[in-house]
Amino acid sequence: MTSILRLRWVVFHKELVDGIRDRRSVMSALIPPLMWPLMILVMMNFIAEKRRKADDIKIPIVGAQHAETLVNWLKQQRGVEVVNGPDDPYEAVREGDENFVVVIPEDYNELFAQAKPVEIELVIDRSDDDAGSFVRRARGLLTNYGREIGILRLVARGVSPAVAAPIRIDEVDVSSSQQRAAMVMAFMPLFLVLSAFVGGMQIAIDATAGERERGSLEPLLVNPAPRTSIVAGKWLASVTFAWFSVLLTLFLLIKALERAPLEALGLRFALDAGDIAAVVAAALPLAFLASGSQILVASFARSYKEAQTYVSFLMFVPMLPVFVMMFGSVGPKPWMAPIPLLGQHVLIKQAMEGEPASFLAYLGAGVSVIVCGLLCVGVTTRLFQREKIIFGR
Amino acid sequence: MIDVRGLRKHFGDVEAVADVSFTAVDGAVTGLLGPNGAGKTTTLRMIYGLSRPDSGELLIDYVDVAKDSLAAQARIGVLPDTHGLYPRLTSREHASYAGRLHGLDGADLEQRIDRLVETLDMASIADRRVSGFSHGERAKVSLASSLVHHPQNVLLDEPTNGLDVMSTRAMRTLIRRLRDEGKCVLFSSHIMQEVSALCDTIVILSSGRVVAQGTPDELRAQTGHENLEDVFVTLTGIDEVRA
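Residue numbers (this note's numbering), protein chains in the order written: chain G, 245 to 637; chain F, 24 to 266.
Just chain G, with the same shape it has in the complex (with noise of 0.2 Å):
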């Protein structure tokens, strides 16, 4: 008799060639994976974008005349443009006319000229989030330059200006540049677990569902080839779509960061190949998992649309972990990587982050993920042998 490796090399060889001939296949593998990529360009550029912009800032200030110096000094900030304040500074910053508004009052020059503490009034909105960080850079340009005329008036004084400054504050940023940027990139091993579940979807779902609908189970399970390999087959040709989609994302992610504005967002992002091959050894085993579910899945619907309605609630458990890992804020854990999902999103977080986990912590996910998949497997084979399913349609 023929061997079992066989027949399920015969099986996986003609779901293959039917799947490349899907469409609908063919798009599900590829679609994720030019998505995904662009959508972090996208996003990157707006968060550039507008981060250059607050740099670029604009000044109204009301009373400008009573305090020539202070205006000019502004004036030669890099990016600040000074301009004449609204005849109301109040409400054109309720009513969102402008950020921010700064108020000199009359008797500047003369408080000035006594070393007293002027008032400058700084009319803010504090419920408009977009103002916030042009409000800051406003606050700091004014807190600046009062700093330097302080330390101008100790020297006048013959006093040393480190006395007047009894604390410095020095802010240390432990995340290193990588760090950073993989916060940023926090959906980077979702896009690559997502990818595991959409590449190999259709194919899974035609392989099932798609074959009891066009009446065609039948006409395959009378021939002489034990159920495990047909299925077998079936499992294994997802898994090979599931692949080719999570390497072409990768790939695609790692070109589109190549050409994102990161340096502009203060970020360092750069994979070595150990570090890529971290990822894929993290993301590829999940295929089998994914394949594995969605087979199982699909095989009790008896059309490829209810197939679809079923499977597309399955894509909602690999969306979970990344709600336990964000909103949780629980760092990654050694008893994570054996779990299920959660493993592939901290392997693949933490191998992004240039910091792979132990071997054992990959071996262990790798084979729970595998043997999940085959126990999918192993109960879609006890389905397949249902009368209720060959024949129900």
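One thing to keep in mind: the hints can contain errors.
Non-contacting residues of chain F with respect to chain G, defined by C-beta distances greater than 10 Å in every case (computed) [said to hold, decoys possible]: (1) D26; (2) R135; (3) G260.
Quick partial rundown of chain F residues pointing at chain G, CB under 7 Å, derived from the structure [what the hints assert, rightly or not]: (4) Y71; (5) S74; (6) L93; (7) Q96; (8) A97; (9) V101; (10) P103; (11) T105; (12) H106; (13) G107; (14) R111; (15) Y120; (16) L124; (17) R232; (18) V234.
Read the hints as simulated data drawn from the structure, not as lab findings. Idealized CB from N, CA, C, for every residue including glycine.
Starting from the known structure of chain G, fit chain F onto it as the hints suggest.
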């Protein structure tokens, strides 16, 4: 040779096959005749190993279907009730897929397919994808798939259903040819004329039971009717239902 003994099968409360026994021998055409719902398809499904009987014995060339369904399946070619095709594969690829699942490969497989393309008059559709094929063309593709491994036993479930006159004639010719080659041909039908024109042995099923079996002549003698259709009506009790 197909040997069926005391076959039973129920679905819930419905007894689809209550008691079916018959033998289909090599070099002969055996017809499974009965009205809709008589248990023909269920019986065939049990013979080709996709449906498990509640009790009874099924032997294909002395191989027990229950004990070694794969070995039994290797000895039969089946044209099931639903012969769905893969719309993106060509006719030749369908036959090739079935052949490979039977362990065939290479030049031998190609030769077998070439011969089938000739026998079934499929030259014009052999390398076309099957989507958009007519009913007759689809039936040919299914037949090619079920005959590619040269099975000793051929099972056809209502093979002429939905076929036009020309395709029906071609199907009958093929059935006769298989018989002349010494194969065991078992087919089901609810059309009396078809069965009487083709069969060496007729097994009449009604409500899951064999109500009569024998050559057409034997059946005529048994019921006293000259017309086979009257024989059929008498034996299946359709008359009583109508009355």
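Right, here's what the structure says about each hint:
1. D26: holds (19 Å)
2. R135: Correct as stated: the minimum Cβ-Cβ distance to chain G is 15 Å, above 10 Å.
3. G260: With a cut-off of 10 Å, G260/F remains clear of chain G, as the shortest Cβ separation is near 27 Å.
4. Y71: Interface hint status for Y71/F: holds (5 Å vs cutoff 7 Å).
5. S74: With a minimum Cβ separation of about 5 Å from chain G (threshold 7 Å), the hint on S74/F holds.
6. L93: holds (4 Å)
7. Q96: holds (4 Å)
8. A97: holds (4 Å)
9. V101: Interface hint status for V101/F: holds (4 Å vs cutoff 7 Å).
10. P103: Since chain G brings a Cβ to about 5 Å from P103/F, closer than 7 Å, the hint holds.
11. T105: Nearest chain G Cβ about 4 Å off; hint holds.
12. H106: holds (6 Å)
13. G107: Holds - the Cβ of G107/F comes within 7 Å of chain G, reaching about 3 Å at its closest.
14. R111: Since the shortest Cβ distance to chain G is 4 Å, the answer is holds.
15. Y120: Status holds, d = 5 Å.
16. L124: Since chain G brings a Cβ to about 4 Å from L124/F, closer than 7 Å, the hint holds.
17. R232: violated (21 Å)
18. V234: Since the shortest Cβ distance to chain G is 25 Å, the answer is violated.
Comparing the model with each numbered hint stated earlier shows that hints 17, 18 do not hold.
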